[in-house]
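Number of protein chains: 2
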Amino acid sequence: MSKMFFQRLESNAHNHRLPLAEVMENLCFNENGLIPVITQDCSTKAVLMQAWMNREALDKTLYTGHMIYWSRSRHCFWEKGATSGHTQKLISISFDCDGDVILCQVEQKGAACHTGRPSCFYLEVEPEQQQVRIIGDAQQP
Amino acid sequence: MSKMFFQRLESNAHNHRLPLAEVMENLCFNENGLIPVITQDCSTKAVLMQAWMNREALDKTLYTGHMIYWSRSRHCFWEKGATSGHTQKLISISFDCDGDVILCQVEQKGAACHTGRPSCFYLEVEPEQQQVRIIGDAQQP
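So the sequences go chain by chain: A and B.
Heads up, the first sequence is in the working numbering, so the first residue is 1 and it goes up one at a time.
Heads up, the second sequence is in the working numbering, so the first residue is 1 and it goes up one at a time.
Zero decoy hints are in this set.
Some chain A residues judged to face chain B by a derived CB distance under 7 Å, without partners named:
{"hint": "1", "residue": "Leu18"}
{"hint": "2", "residue": "Gln130"}
{"hint": "3", "residue": "Gln131"}
{"hint": "4", "residue": "Gly136"}
No wet-lab data here; the hints were simulated from the structure.
All residues carry an ideal CB built from backbone N, CA and C; glycine is no exception.
Work out the full structure, taking the sequences as your base and the hints as a guide.
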């Protein structure tokens, strides 16, 4: 059903607008009620992390203007930076063509990664050498 | 177990290297054997799409140097651009701190989105207006 909703949107022209509530109701949350969220630095365009939201976390993020995820390990809301101070101010938010992924651009305060590295994607593959290289040093919390 | 593997990596210094095979064996595929893959344009840094790989799709991507996903709807490998010509050449690949997300930078030929739009994230939220705006026109296939 939700996929059909997004299929029907495809032919709409550039700048066509529709109600946010209608799109939100049709987003495809998975069997655990979660949707993946990609978080990108609005200035550097670096992809900082990928986490998850349920519908309520998405509502809270939109309402507060700060990234609030759902922690799959702790089973609770996860207000990014609440303890570390490394908050993420929401700058823009988009949904993908299938309505099953969210992309957020943020102003990142401090490090996005819990290791203190700027981005969570600090394990860089070197295919020819069949190695993985660590990017950046961990910082003391 | 895999999470512990990635926790042990955290304290490694910048430029430390470890065998790719060891990291690959510890990646966290979900209960369906899949891992999310974020695909980013290597020049514009635009996030183009998010899709999924199983272990074999990841092997094929690394071996061929072109993005090969696993299609969850068609239950088969999905060589990006095989029918549309809109291929994605792999430029770099990284894993995140938990080993449960992959980030790929690619050279995108043509449009990443099946609608013909450059990026799949063409549904932009306008929070103040409580609207969603369509970015770009669909192109004929």
